[in-house]
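With chain X's structure known, arrange chains C, Z and V on it following the hints.
For reference, the chains in residue letters:
Number of protein chains: 4
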Amino acid sequence: MHTKKAAPRKAVAVDAAIKSSNLKRLNRIEGQVRGIARMVEEERYCADIIIQIASAQEALRGVSRELMRNHLRHCATHSPEAVQGELLDIIYKHLR
Amino acid sequence: MHTKKAAPRKAVAVDAAIKSSNLKRLNRIEGQVRGIARMVEEERYCADIIIQIASAQEALRGVSRELMRNHLRHCATHSPEAVQGELLDIIYKHLR
Amino acid sequence: MHTKKAAPRKAVAVDAAIKSSNLKRLNRIEGQVRGIARMVEEERYCADIIIQIASAQEALRGVSRELMRNHLRHCATHSPEAVQGELLDIIYKHLR
Amino acid sequence: MHTKKAAPRKAVAVDAAIKSSNLKRLNRIEGQVRGIARMVEEERYCADIIIQIASAQEALRGVSRELMRNHLRHCATHSPEAVQGELLDIIYKHLR
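Protein chains in written order, with our numbering: chain X, 410 to 505; chain C, 410 to 505; chain Z, 410 to 505; chain V, 410 to 505.
Where hints are given, some of them may not hold.
If several chains are the same, the list does not tell them apart, and a pair holds so long as it fits within one copy or across any two.
Calculated lysine to any residue pairs in the SDA-like style (CA-CA distance at most 20 Å, straight line) [stated by the list, open to error]: (1) K419 x G444; (2) K433 x R474; (3) K419 x R443; (4) K419 x S430; (5) K428 x R470; (6) K502 x V423; (7) K428 x D457; (8) K433 x E475; (9) K433 x I500; (10) K419 x D457; (11) K502 x Y454; (12) K502 x A468; (13) K433 x K502; (14) K433 x E452; (15) K433 x A463; (16) K428 x A446; (17) K428 x E467.
In case anyone wonders, no lab produced these hints; they're calculated from the structure.
Bound conformation, chain X alone:
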């Protein structure tokens, strides 16, 4: 995790519903990752594991989608072009 220790940036505002749904999703993803580890441990068939990995990746994508939804709702509207440029960078560098 490349997060800086001091004074992490905070969201302008966070919808309670989005936050709680994201925490539930992440909890489920953590379980998925543990399940994948178990499959590796049991030497399960490669294709079956890769499908579970793809599913965890999609689930992470879902969390990032909700974060972006919250961002567009609360931040992007009062944001100058600089913030939009950053948003664009995130989208195109990190979104797959």
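Below, chains C, Z and V without anything else, positioned relative to chain X:
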């Protein structure tokens, strides 16, 4: 997890080094996912969370890469075309 | 192309520089696609063709990035939540 | 296009059906790219263009899938591990 309960398919063979490295990676990814949940909990800035999500997704991709390496080494070589068709399906449906 | 014939939606505003750079990019991509067809015609090695395909895909991603930049600059700012929802849908359904 | 001028590598063997279907696909993709350029020229709505770009990207992915199918059929079978390593590199570096 859409894994069938009875008689899960097993890998033909698994390299001990690949297995152990994958288990280590998955352990780290589980920690990453917990870290992301903490960031959501603390209402950290959306862009910073999305970067961590992207990093977890890349790490999962790394595990899938190692599984595929093991698969190509041990399975695909004695594989009839059927296995190759399946390999192709995995690659194009599930790999992002 | 699933474009509707009558009354296509127009951009609110288009930066001349973005438009001209995108037209140049697309012109180059068209040439890339022709080059890929030539490689297929000449039965070139699969890996070498796939690398060129990846490069054309990245170039298309570049065009979509510029379109999104223009969109965020001119449209998203005076946009109600509906438009942002659409933006989000595009990003997460279509962006790879 | 980063293709080397001299002595390009050739495919071991190419299925006539795959080759002809890929040439047809690429011809269609070239038309798609021209259509996208026309949409940019006419200042069409960003979302509508991005959907067409995504469709061209998917179509390119289809060509790469067929190339990989041909590769797995003809090359990977008599392939030492070297070719498999290369296959893996293509898959994980270039496939999105």
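Going down the list of hints, with the structure as the test:
Only between protomers do K419 and G444 lie at most 20 Å apart by alpha-carbon distance; the minimum there is 15 Å, versus 32 Å within a single protomer. In the homo-oligomer, the alpha carbons of K433 and R474 lie at most 20 Å apart inside one protomer (14 Å), although the nearest pairing across protomers, at 28 Å, exceeds that limit. Within a single copy, K419 and R443 get their C-alpha atoms only as close as 29 Å, which misses the 20 Å cut-off; across copies the closest is 18 Å, which meets it. For the homomeric pair K419 and S430, the shortest alpha-carbon distance inside one copy (19 Å) is at most 20 Å, but the shortest distance between copies (35 Å) is not.
When the C-alpha separation of K428 and R470 is checked against a cutoff of 20 Å, the pair qualifies only within one copy, where the shortest distance is 15 Å, while the shortest distance between copies is 26 Å. Taking identical chains as interchangeable, the C-alpha atoms of K502 and V423 are never at most 20 Å apart, the minima being 24 Å within one chain and 23 Å between chains. Taking the shortest Cα distances, K428 and D457 sit within 20 Å of each other only across copies (15 Å), while inside one copy they are farther apart (31 Å). Within a single copy, K433 and E475 get their C-alpha atoms as close as 12 Å, which meets the 20 Å cut-off; across copies the closest is 29 Å, which misses it.
Taking the shortest alpha-carbon separations for K433 and I500, neither the intra-copy value of 23 Å nor the inter-copy value of 23 Å comes in at or below 20 Å. Taking the shortest alpha-carbon separations for K419 and D457, only the inter-copy value of 9 Å comes in at or below 20 Å, while the best intra-copy value is 39 Å. For a Cα distance limit of 20 Å, the shortest separation of K502 from Y454 across copies, 17 Å, qualifies, whereas the shortest one inside one copy, 32 Å, does not. Taking CA atoms no more than 20 Å apart as the test, K502 paired with A468 passes in both settings, with 19 Å inside one copy and 14 Å between copies.
With identical chains, the CA atoms of K433 and K502 are never at most 20 Å apart, being 26 Å at best within one copy and 22 Å at best between copies. Taking identical chains as interchangeable, the C-alpha atoms of K433 and E452 lie at most 20 Å apart only when they sit on different chains, with a minimum of 15 Å there against 29 Å within one chain. When the C-alpha separation of K433 and A463 is checked against a cutoff of 20 Å, the pair qualifies both within a copy, at 19 Å, and between copies, at 19 Å. For the identical chains of this complex, K428 and A446 are inter-copy neighbours only, at 10 Å across copies versus 27 Å inside a copy, given an alpha-carbon limit of 20 Å.
When the C-alpha separation of K428 and E467 is checked against a cutoff of 20 Å, the pair qualifies only within one copy, where the shortest distance is 18 Å, while the shortest distance between copies is 24 Å.
Hint compliance for this structure: hints 6, 9, 13 are broken, all remaining hints hold.
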